[in-house]
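Undergrad: For reference, the chains in residue letters:
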Amino acid sequence: MPEAILDVQDLSYSFRTYGGEVQAVRGVSFEVMPGEVVGIVGESGCGKSVTAQCALRLNPEPPGFRRGGRMLYKGEDVFAKGERELRRMRGAEIGFVFQDPMTYLNPTMRVGAQVEEVFAGRPGVSRREARSRADEMLALVGISDVARRREQYPHELSGGMKQRVMIAMALVGRPSLIIADEPTTSLDVTIEAQILELLDDLRRKLGTAIVLITHDLGVIAKMCDRVYVMYGGKVVESGGAEDIFYRTAHPYTAGLLGSVARLETDCDEELKAIEGTPPDLFSPPPGCPFAARCDYAMRVCRESPSPEYRLEGGHRVSCWLRHEYAEPVELPARCAPEAAV
Amino acid sequence: MEAIGDAPDRSLFERVGKDRAGMEAIERPNLTYWQDAWRRLKANRMAVFALCVVGLYVVMAVVGPWMTSYSYTATDAKATDALPSAEHWFGTDMLGRDLWSRVWMGARTSLMIGFVATLLNTLVGGLIGGVAGYYGGAVDMVLMRVVDVLYGIPYIIVAILMMVVMEPGMGSLIVAMVVTRWIGMARFVRGEVMRVKESDFVAAARVLGASDATILVRHIMPNLMGLIITNTMMAIPNAIFTEAFLSFIGLGIQPPECSWGLLAREGSQTLSIYPLKLFFPAFFISTTMLALNLLGDGLRDALDPRLRGE
Amino acid sequence: MGRYILKRILISLATLLVLVTVVFALVRLMPGDPFSSEKMTPQVRQNLERYYGFDKPVLEQYLTYMGRLVRGDLGYSMKYANVTVNEIIAKAFPYSADLGLRALAIAVSVGLTLGVVSALNRKKPIDAVCVVVAIIGTSIPDFIMGYVLQYFFGIRWGLLPIAQYKGFAYTILPSVGLGFYTLALVSRLMRSSMLEVVQQDYVKTAKAKGASRFRIVRKHMIRNAILPIVTVLGPITASVLTGTFVIESIFAIPGMGKFYVSSVQSLDYTLVLGMTVFFGAFLVTANLIVDVLYGIVDPRIRVARG
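Chains as they are written, first to last, in my numbering: chain A, 1 to 341; chain B, 1001 to 1310; chain C, 2001 to 2306.
Bear in mind the hints are in silico, worked out from the structure with no lab data behind them.
These numbers were taken from a predicted model, which means no experiment stands behind them.
The C-beta atom is built at its ideal place from N, Cα and C for all residues, glycine as well.
Any given hint could be a false lead.
Computed beta-carbon distance windows for the label pairs [to be verified]: (1) A:Gly218 x B:Phe1201: 26 to 34 Å; (2) C:Ala2025 x B:Phe1049: 40 to 48 Å; (3) B:Lys1078 x C:Leu2059: 56 to 64 Å; (4) B:Val1048 x A:Arg174: 51 to 59 Å; (5) A:His215 x B:Asp1019: 22 to 30 Å.
Computed cross-link-like contacts, DSSO-like style, restricted to lysine-lysine with a CA-CA straight-line distance of at most 30 Å [said to hold, decoys possible]: (6) C:Lys2204 x B:Lys1042; (7) A:Lys74 x C:Lys2204; (8) C:Lys2124 x B:Lys1042; (9) A:Lys205 x A:Lys222.
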């Protein structure tokens, strides 16, 4: 059995602030196999970005620190590595695509140079070679007229093009894994489709695994082999895309699905928003993080953290509703499309 | 289905549903902008200390000259250039005048000029800049072209010349300073008014039907006040400096009146023999500017809406 | 970018025009009569007055002056016999320029360094030291600093010369005194600019690419942090220039500042006018250069949206 590229084991990560400790990640586990696309869904503040940035130790430390658990990249704990080793990994082993290319690109540096920069300070790659590899990647991500574009500054490019540059930066070092943190959130829907297609395409060509972080379920449906749903610093449900959509097991996931309009939704139907706001991570609730907003919550949900239950075929859920004492509940789920004969 | 975990008490599995009270937790007390700003300012010890120093000087400016029996203009040929003593707490100057009273009378003049000139600056500049920023269009274009051109003029040169033309004294100093410096404030206020005018919450207010006057008073002003206060506070040291400078080169306050700048001038003339005479006004000018700078910094941090809730 | 420069030039010219006119008017308004203290026969006085055009209406005097100005002729000094204003300026300006340049060089180089170092070492002792120095420096006017330095380093401890400008050692105290305020100001500005830049997202991107700390600081932080500093270079130059007035008199340096103040006090009209126009032109040009420099340094202005 192939070894997981990224294996997160019960990771807990917090930040020390003036107000106290913010527990951003509370016992998260997931794994990424070579070449697959793993999606992490959740709303703002659920801990997905912090978790992702741990892979390259990009979170500012201090005030961040690992509270517990491990994050193994190719079998080695990222938290045990020194700064030099991490710097080597960044760009070459793991690439990162950030959310908003407007602010994540240096406004005073030409885009070509920014892509080339991945090779700066690495032995064995000459400046000329760096330049040609950068140009090659820029063409690969779909930038036309590379010779002219590479000399331009970020503000001269459109949103979609800027994001392509970000992707080029992430991939030019031929990493085994790229982490894309909400790569399409700040883009128009049409551009979004192009970018996603590009990512998928590159994945197939280069064999890179992808961790795709988003709050957009549509994106998940399109691209991901497996999905992890996060809430309040924990993983509440995980499984294949089909499991999540058609055999939804957690009330939060159901709420997310229910709050999005679909083609079949009637005009008269009200969109069900989930009442309430995410929990305060300064003093997280002792039980299930979703209990306060859950229609089906039970007393035990408020008091004790929910255990994880394994359902069919790799589908897992962290919810007291699965307990034998709990009244069984039919969660509203999407209907699977009629199977074509 | 496989359960991972122990088996708790059955009664815990009673359905209770949403926790309406706990759903939206508001952890911090609700403070208004000004309350929050004051709280933050109080926490900044440097700023509080600076405030005390300025306050002390103001009090001394009023009370100081009364504390000794010597008037600030009374000369005494027998006690010239004396060192500090029980009689003359700061010593005397070259004409035998008591330095303690001169320093504190000087404080009155310098501080008053500093505050008044800056205040007038803010009013004039703020009004003009505000009008230009709020109404935009042709009014703004014309005003701003004028401001752009005038901005490039080195103010100190014009100030120097104005002082030569006018009768030197407190009034003309203030006039010269305001005439040459209002431009900076006008530009600043105009920029800020335009920024706030374009912001989403103003647009929202307009959509909800608020009148121009309401928008101005309830939305634009409060957002600007913080920045204007900070800017004004930080401009005071500059005004004090300008007064000191002009008096120092002989174009500001004239003897027998006094200001700190004038005292510095008088003191500098005998630097090598009686350094203290320069030391006192220099010390007070510097510490006043220092305190005002610190206070300005503290105010800026306290009034910055982005730092709310820290 | 071309449009930007053109606009700046036009505004500068307009500024210059307004400046000269305002100064002309103010000088005409100055009380007193430049010739009152001279002992001269009525005939000589009449000749002088005719030369300087005092017998003609003000508007005509203005136009004559402007006409001469455009040709670079600033006229004759009224106090120094037979010497043109141009000659006086030519002799005095090099001293002021040298002093000013040294002060600026010290202020900018040391100030920037301190700002960067202190921002990168936040909450460590070096930061506290830099901040304290910066705050104190911006609170002490340059003329007071000049005296302080003169007193301690010259009079009390006798380490450095305190008057005139005859060699390298002579330049130390005056230029430090003149530049100290600006040094403090630059370091404060750079520090706060760096602190803002440090939080920017693109710094995280650079880190994610595996760039070394040194590279990040150099190419990503400093490059962006320095932009706001460039914008204040103009006013900084102006304040250094005006500071020379006083520093020159404190240290007995025969530069323009000394001449200027004394010419104001002795009502030497043409000298005052000439020097003011010169100062003004110099500053306006410096501002123009800074504006253009900013346009070059900030690519968002340099390259229009393509």
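Undergrad: Now, for every hint given, state plainly whether the structure supports it.
TA: Each hint tested on the structure:
The given range of 26 to 34 Å is respected by A:Gly218 and B:Phe1201, whose C-beta atoms sit roughly 31 Å from each other. For the pair C:Ala2025 and B:Phe1049, the supplied restraint of 40 to 48 Å holds, since their beta-carbon distance comes to about 47 Å. Range check, B:Lys1078 to C:Leu2059: Cβ separation about 58 Å, and the 56 to 64 Å hint holds. For the pair B:Val1048 and A:Arg174, the beta carbons lie near 57 Å from each other, so the given range of 51 to 59 Å is met.
Checked against the given bound of 22 to 30 Å, the beta carbons of A:His215 and B:Asp1019, roughly 24 Å apart, stay inside it. About 34 Å separates the Cα atoms of C:Lys2204 and B:Lys1042, which puts this hinted pair outside 30 Å; it is violated. In summary, the hint linking A:Lys74 to C:Lys2204 is supported, as the alpha carbons are separated by about 24 Å, within the 30 Å threshold. As the CA atoms of C:Lys2124 and B:Lys1042 are separated by approximately 24 Å, the hinted pair is consistent with the 30 Å bound.
With a C-alpha separation of about 18 Å, the suggested pair A:Lys205 and A:Lys222 falls inside the 30 Å cut-off, and the hint holds.
In summary, the structure is inconsistent with hint 6 from the numbered list given earlier, while agreeing with all the others.
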